[in-house]
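Fit chains B, C, D, E and F to the known structure of chain A by using the hints.
Residue numbers (the numbering used here), protein chains in the order written: chain A, 2 to 137; chain B, 2 to 137; chain C, 2 to 137; chain D, 2 to 137; chain E, 2 to 137; chain F, 2 to 137.
Each hint should be verified, as a subset may be incorrect.
Copies of the same chain are indistinguishable here, so a pair counts whether it falls within one copy or spans any two.
[Said to hold, decoys possible] Cross-link-like lysine-lysine pairs, in silico, DSS-like; alpha carbons within 30 Å at most:
1. Lys79 - Lys113
2. Lys69 - Lys27
3. Lys117 - Lys69
4. Lys27 - Lys73
5. Lys113 - Lys27
6. Lys50 - Lys73
7. Lys116 - Lys50
8. Lys50 - Lys113
9. Lys116 - Lys73
10. Lys3 - Lys27
11. Lys50 - Lys27
12. Lys73 - Lys93
13. Lys116 - Lys34
These aren't lab readings, by the way, just hints derived from the structure by calculation.
As a plain string of letters, each chain reads:
Protein chains: 6
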Amino acid sequence: MKVAVFRKAHFNAAHRLHHPGWSEEKNEEVFGKCNNPNFHGHNYDLEVKVVGPIDPDTGYVFDMKILKDLIKHYVTDKFDHKNLNLDTDEFKNVNPTAENIAVVIWNILREKIDKKYDLTIRLYETERNFVEYNGN
Amino acid sequence: MKVAVFRKAHFNAAHRLHHPGWSEEKNEEVFGKCNNPNFHGHNYDLEVKVVGPIDPDTGYVFDMKILKDLIKHYVTDKFDHKNLNLDTDEFKNVNPTAENIAVVIWNILREKIDKKYDLTIRLYETERNFVEYNGN
Amino acid sequence: MKVAVFRKAHFNAAHRLHHPGWSEEKNEEVFGKCNNPNFHGHNYDLEVKVVGPIDPDTGYVFDMKILKDLIKHYVTDKFDHKNLNLDTDEFKNVNPTAENIAVVIWNILREKIDKKYDLTIRLYETERNFVEYNGN
Amino acid sequence: MKVAVFRKAHFNAAHRLHHPGWSEEKNEEVFGKCNNPNFHGHNYDLEVKVVGPIDPDTGYVFDMKILKDLIKHYVTDKFDHKNLNLDTDEFKNVNPTAENIAVVIWNILREKIDKKYDLTIRLYETERNFVEYNGN
Amino acid sequence: MKVAVFRKAHFNAAHRLHHPGWSEEKNEEVFGKCNNPNFHGHNYDLEVKVVGPIDPDTGYVFDMKILKDLIKHYVTDKFDHKNLNLDTDEFKNVNPTAENIAVVIWNILREKIDKKYDLTIRLYETERNFVEYNGN
Amino acid sequence: MKVAVFRKAHFNAAHRLHHPGWSEEKNEEVFGKCNNPNFHGHNYDLEVKVVGPIDPDTGYVFDMKILKDLIKHYVTDKFDHKNLNLDTDEFKNVNPTAENIAVVIWNILREKIDKKYDLTIRLYETERNFVEYNGN
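Same shape as in the complex, but just chain A:
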């Protein structure tokens, strides 16, 4: 009997979509205004989903205070008020699309959360554009 628990968090960051091996024309064609060399930015909303059995003593699947602290320590403190392209190691060589940011966050949290729990990341880049990744 498994239950999913979700925790939301937020961070605000600048980014630029760019392929260093492509010409400016090709970058412009593919990424449009997201290719602005001076960057633009977003309020990213993050949902972390952890699935597992309910602990009979606590009634918790996963202590939300611990999950909140993991997200803060390993994800939002790292990305909040940062330029993803310039200020982080993770996106030095990875294009910071919503898809890639979700995979990076999943990889970070997967290390910190016991494998007996399933993990899914949902990331909202805007209210109308969002992505989800569960490691498969």
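What follows is chains B, C, D, E and F alone, placed relative to chain A:
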């Protein structure tokens, strides 16, 4: 390694729930005030979910500008500010319940999006009533 | 010492924007797709604001159950799942723009709420378009 | 061909997280401020998801008026404006965590909804903390 | 030239509406299920509005970090996860209606914010019921 | 008899809060992580409020299509997917705080909207931080 990408869109339409083979009493009993012969209407919120691998060059699963344009061209331009019962071919002989609208939109977009991507439609008729369809 | 209290409600209706004294061309030019002769529709969100002193016995400005019932009885039961143009007396000769709907609702509720309270109506036609009227 | 239909509902309740077999220190350590002996409370948002085939006559998977009434009669009338620990049988011996509340609601509704439909409960304790249970 | 700045915060609390000088019947009649002697609870959303001139050096009306800290220190740390009737001095003899809670919070913050700034409190008890108080 | 009409719009931008006449230490102390030299970013939500009489012919205060186009042409096309500090003339010498952005947008739109209408700008920098300016 697959990632889901979601795009939201909106349209405003009038509709009436009605079974032409039933008496007015039966229609009234089953559909209640949704059977009003002069129609009522909704702000429909549409979420389109496309699942596939991340393209290593772009970092995209599916270009959101292309997805946005597909939704606009084939769905919202067709249904927005329309009477679903009177102004569209799709609901001439299909009752425009939220369920049927979701299936119709799924069928329209399934034609336009490569089969290597999974497709799911979520449609909000109101904030409290919504449906989801993935072709299975 | 005055406090404002707000109550939200909802109704779903069909409507058409149209000026009977204008040509079809003029109506089309001014009202665009809102002029569709077969109607379209909206989920209207209504906020009713009542301002007055706090009753020292109850701690209420205005009993929310009474306000909720007034809105239901005189506004949403009248307009919900209706065609504003065809099914209501109020819009037989008044174009059902958001502005006019707000004024009509204000006039209805102003009759039912003691004049010692200020009254304001906010009406959302969509998430992005809304209006407000306070009788002045 | 199956479609999921969702219905949202709300209830407001007080609760306290507590393990009667633990010391006050252990309860405080595990449940923190949620262990306040005088209780605190939440606006719970409930989403009920029912999955099944579309009825060809009605175009419905499940009549939303019936689903709304089932939720009201068996869930929100029972829990709304209640103290979950003191006023309900369900949480006399069960810690009212979001996880356990979701399981309790699922068990209640599973009895009332034909087994040919899949059932999932999502429960928001706050905008940032929520859980989901589908019986597996 | 004045600009308004707003900061949102949240707290979760239990409360009971009750007039100690009234009979149980009168309390039940006026406050209905909000009179439950075992309490119920809410997720309160608080918006604090501060109006003043823009500081030409900072471009700020009021430093949001300072406002956030004032709200946390003097309001949400005091009320979050508390029983308003039993755990706070403010509501020992004041009925904790949304109106009275807004006035109490306004009085607390008015002491901490320079009188050259106008102050308004908006408090959401539920998504559908909220109040606003500006000291007049 | 005046009615207020509101139109929402969105733009995503990068910015940095910085006072060029201050030391790095002073900038860091005042602006904190918002002073990141590599910028961060936001999804800005903009609400434009226009107040005036209802036109008796159209039932409109102000044609929403025209207001939508004014906002797009003069505001969001200018700021969307831009670095406010580097890519715009308006913030070359003005610190792009939410307060200053709201004043800049108000000044831009005030030029384009007849003075017989009152104008107010509300700008959300995040869901929890927002500002409002009406020219007074």
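A quick look at each hint next to the structure:
no., hint, result
1, Lys79 - Lys113, "within (15 Å within a copy, 33 Å between copies)"
2, Lys69 - Lys27, "between (41 Å within a copy, 21 Å between copies)"
3, Lys117 - Lys69, "within (19 Å within a copy, 36 Å between copies)"
4, Lys27 - Lys73, "between (37 Å within a copy, 25 Å between copies)"
5, Lys113 - Lys27, "between (39 Å within a copy, 25 Å between copies)"
6, Lys50 - Lys73, "both (15 Å within a copy, 28 Å between copies)"
7, Lys116 - Lys50, "both (13 Å within a copy, 27 Å between copies)"
8, Lys50 - Lys113, "both (14 Å within a copy, 29 Å between copies)"
9, Lys116 - Lys73, "within (20 Å within a copy, 36 Å between copies)"
10, Lys3 - Lys27, "between (47 Å within a copy, 25 Å between copies)"
11, Lys50 - Lys27, "between (37 Å within a copy, 27 Å between copies)"
12, Lys73 - Lys93, "within (21 Å within a copy, 34 Å between copies)"
13, Lys116 - Lys34, "between (40 Å within a copy, 29 Å between copies)"
Hint check: no violations occur; every hint is consistent with the structure.
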